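Using the sequences and the hints given, assemble the complete structure.
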Amino acid sequence: MLLVVFSASIFIGRYPKPYWMPLNLLLHESLAQKLVFSLRIPRLLMAMLLGMSLAACGQVLQMLFRNPIVEPGFLGVSQGAAFGASFAILFLGASLFHVEIFAALFALLGLALSFAIARLVKFGGWILRLVLSGIVVSAIMSSGLGILKYLADPLTQLQEITFWLLGGLWSTTWTDVLFILPVVAVCLTAVFLMRWRLNVLSLSDATAFSLGTAANRERVFLLACAVIAVAAVTSVSGIVNWVGLIVPHVSRRIFGSNAQFSLPGAMLIGAIFSILCDVIARTLLAGEIPLGIITSFLGAAIFIILMSRQNLKAASHD
Amino acid sequence: MKNRSLYLLSTILIICAVLLGSCAPAAAEGSEVDQVEEAVAVAESESAEAPANPPAEESSAVTIQDSAGNVVELESLPQRVVVVGKATPFTLSTTYVFKEASQRIVALELRRGLLTAEFLTLIDPKYEQKIKLEMESSAEQIAPVEPDIVITKNYVVKSLKESLDPLGIPVVGLNMETPDVFYKDIEMLGQLFGAPERAQAVNAFLQEKVNVVKTAMQGLTEADKPSVLVIQYSDQDGEVAFKVPPASYIQTTMVIDGGGVPVWAEQAAEGESNWIVVNFEQIAAWDPDVILVVDYNGNPQETAAMLKQNDLWKELKAVQADQVFGFGKDYQGWDLPDPRWILGYTWVAAKLQPERMAGVDITEMVKEFYRFMYRLSDEQIEASILPIVYAD
Amino acid sequence: MIDAPKLTLSNVEFCYAQGAAVLNSFSLDIVPASITAVLGPNGAGKTTLLNTVLGFLKPQSGAVLLDGVNISQYSRSQLSRMIGLVPQAEHIPFNFTVLEYILLGRTPYMGIFSMPGEKDYQVAESVLNLLHIAHIKHRPITELSGGEQQLVLLARALAQQPKILLLDEPTTHLDLGNTVVILNALKDLARRKVTVIFTTHDPQAAIYCADQVVLMKQGHVLSAGRLQKILTSAQLSRLYGVEISVQEVAGHPVVLLPR
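Residue numbers (our numbering), protein chains in the order written: chain G, 73 to 390; chain S, 213 to 604; chain L, 559 to 817.
Since the hints were derived computationally from the structure, they do not count as laboratory data. Possibly wrong hints are sitting among the right ones.
Stated by the list, open to error - Here are the computed lysine to any residue pairs in the SDA-like style, where the Cα-Cα straight-line distance is at most 20 Å:
{"hint": "1", "chain 1": "S", "residue 1": "Lys520", "chain 2": "G", "residue 2": "Ser110"}
{"hint": "2", "chain 1": "S", "residue 1": "Lys421", "chain 2": "S", "residue 2": "Val393"}
{"hint": "3", "chain 1": "S", "residue 1": "Lys421", "chain 2": "S", "residue 2": "Met577"}
{"hint": "4", "chain 1": "S", "residue 1": "Lys298", "chain 2": "G", "residue 2": "Leu223"}
{"hint": "5", "chain 1": "L", "residue 1": "Lys677", "chain 2": "G", "residue 2": "Gln332"}
{"hint": "6", "chain 1": "L", "residue 1": "Lys616", "chain 2": "G", "residue 2": "Arg289"}
{"hint": "7", "chain 1": "S", "residue 1": "Lys529", "chain 2": "S", "residue 2": "Met577"}
{"hint": "8", "chain 1": "G", "residue 1": "Lys106", "chain 2": "S", "residue 2": "Asp523"}
{"hint": "9", "chain 1": "S", "residue 1": "Lys298", "chain 2": "S", "residue 2": "Ala355"}
In this text, all values refer to a predicted model and were calculated from it rather than measured experimentally.
Written as structure tokens, this is what we have:
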């Protein structure tokens, strides 16, 4: 299904007219070919990577924290990545290598902070505490981002910040893809291979121990992989919310909670969703719509539908 | 242990925040104290001399009305003028068209970046002695300078008035966004500086130049009008973006009056109030005859040249016909709400309809502009302005 | 089957980070291939004891020895193939199916990057049959009744094929019917040479299936030995601090609470 969506998306864009580019044109006109090759395909690939990383990270976070209402954007991971990336760009020049490293660093820091603060908070159940502290850390990182922009931008037109805060793939080039792909591939492969283990690691500490895992070490490793993948894509695309939240839910609905199937499912669905959102972002209007807006809109809508269905199901069970 | 490290971390964060916050004002305040004393000394010696341009009327009541309808009544002409608010480069450029500005402006808000400081040093010998306020100055920083009146950009007037009215400090705003409103702004400054003839002269100068373009365009048919795209290139913080200006901005007027059809205006820009990001596909779909490349941060001509080399851009009609130009700019872009709009206006026309505008020499016009508006000598213009004019 | 290993606790001291000692000079020899019931009032340290035997909690002094070797010498995977734990209850917000949940018990035999294979599925199926829960194998665990959940937890531990099985209050939340099912399963395990240790605060459960009994109070062993010897009125009264009487009815001891 991913292949279908991917191939179809190659033909959708704003050239020569919105929305559909005829195959004929693609075969014969050099501008169309260049457009597709240098612009659309890297963008589609990046959207795919973005969707896969966010979904995988969301699934990992949800299982390891035993909390179905978390995602990288809620726990300061995406915001930390954006902050780190901006920081690196402003103070260290825009070498993609540095940018990725700083993004990863601050993303991990964001997660660690969220977790640490959640442990400190004294009221509410675990789920509530984690969400609250995640909101706090996200806010800290976002405002850090704002401060960076303010200090650095001579015209004080904060519109550049919309790129970071709302996400967008309009400046994706092949260089970006080539830099991000290896990092994401390695990290996601590790997560993919450990998907059965993820089930075990979602159990209580004592149980995980009794089943022979080095629970804490393995969890940290998994988290690190997932977060680094997200940080890498976020450093190029800005903060994109909601994908990491709803895609794992949908995947678990379809494939069951067993991460053996629901993790790859999440990655697939994430990729498809992300591509679709990006297609809308770049095609619907002449101007580019920030990607985060589309994912939030669609994501929130789907979330509401999911949640209300859930209630119905529970109600009918009694 | 976790408790302790978290407290440590938060303490460090708080300390950093406090340091950052206090750094900027501390620096400004230090110099401000020295400069207040100097400026007061200077102002006193100034008012001891007879003003170079005596006000036309000696009556004590002065009424100033800005383009938004704010009315300020003063007992006498304001001697201590302060310029603040967003977009101070434009506000200052416009104010300095009047030579009284050099004497009467006692403090101004400086924005980082842009070449404002260099420009002002060039046109105002007293620039160094003026008090420099920090960005986004609040009433607390403005009031100690004891202004008689504060000039700012029109959209800042409301919020500034809230804090300055209780202190009895009047505020007026400059709009500058379209030619018609610009004339009104000049008239207002004429009232403010007590120099209405100068105001008339400036407006006459501008209108004469506008008429040159309008006359040249007479008889132009739709078929003669090339399709035009104005695009801003920015590669700030790691992302490359192409943006088009909203339909309400001055670039649209420049293109229409200059004999072209602004392709982006209907589709992308209706009702927007900020630059809009577009991707290259959209640019290719428009495939305009002429592309004007704006670059506020660099050299537009180099940017245009770079784009012309790009594989994708090479497929565009405009590149193939060599009709891609870096938008005119010297200290500031010529497409901004600033007196230089007239340069942009004329330059655009010259690019779009070169035969009709053949009689106009842009370089001469630049010289004339700076001579008339800012009272610069030819040597100064040769030395400082021409080298940084990017106007193909 | 291979001989059950001999488990010994020797002078184990354990306390949590802030508190007082939970296990105090705790020494005990567990008889292999038997069922040992650990009885004690709430707060006696029973769960801590189990976690220490498991190796999850490390004692501050003293040692837990398996066949004479300190369990800290064993690698994690070795230990997990020998000792299994059935916790009192578990709450997971994910709806794994019963089969998937039981498969988790096969983890000790799987590498970090592997997926369950043929053999693992076979073991899981046999455990399901052993406990007579094969009919619910595709049900999500979130929809199980308390008794079914307990059975599933037991099934998961059994999938580990452990030589020593630890159970934390396995019958506390169960009705009599389910209690009998569990306790019968335990008896069956002992027959297969698995050493079973379970904690409970219900002497009747001990009576039903245990060979050995340990009375535990405030972190140490009050007395330990064969069921008949230990489970007397005097001992139980001392343990719980209330008057308890043990009578024999139809050849089995029965615990009576004072009226």
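Hints versus structure:
no.	hint	result
1	S:Lys520 to G:Ser110	holds (16 Å)
2	S:Lys421 to S:Val393	holds (16 Å)
3	S:Lys421 to S:Met577	holds (9 Å)
4	S:Lys298 to G:Leu223	holds (15 Å)
5	L:Lys677 to G:Gln332	holds (17 Å)
6	L:Lys616 to G:Arg289	holds (18 Å)
7	S:Lys529 to S:Met577	violated (30 Å)
8	G:Lys106 to S:Asp523	holds (8 Å)
9	S:Lys298 to S:Ala355	holds (18 Å)
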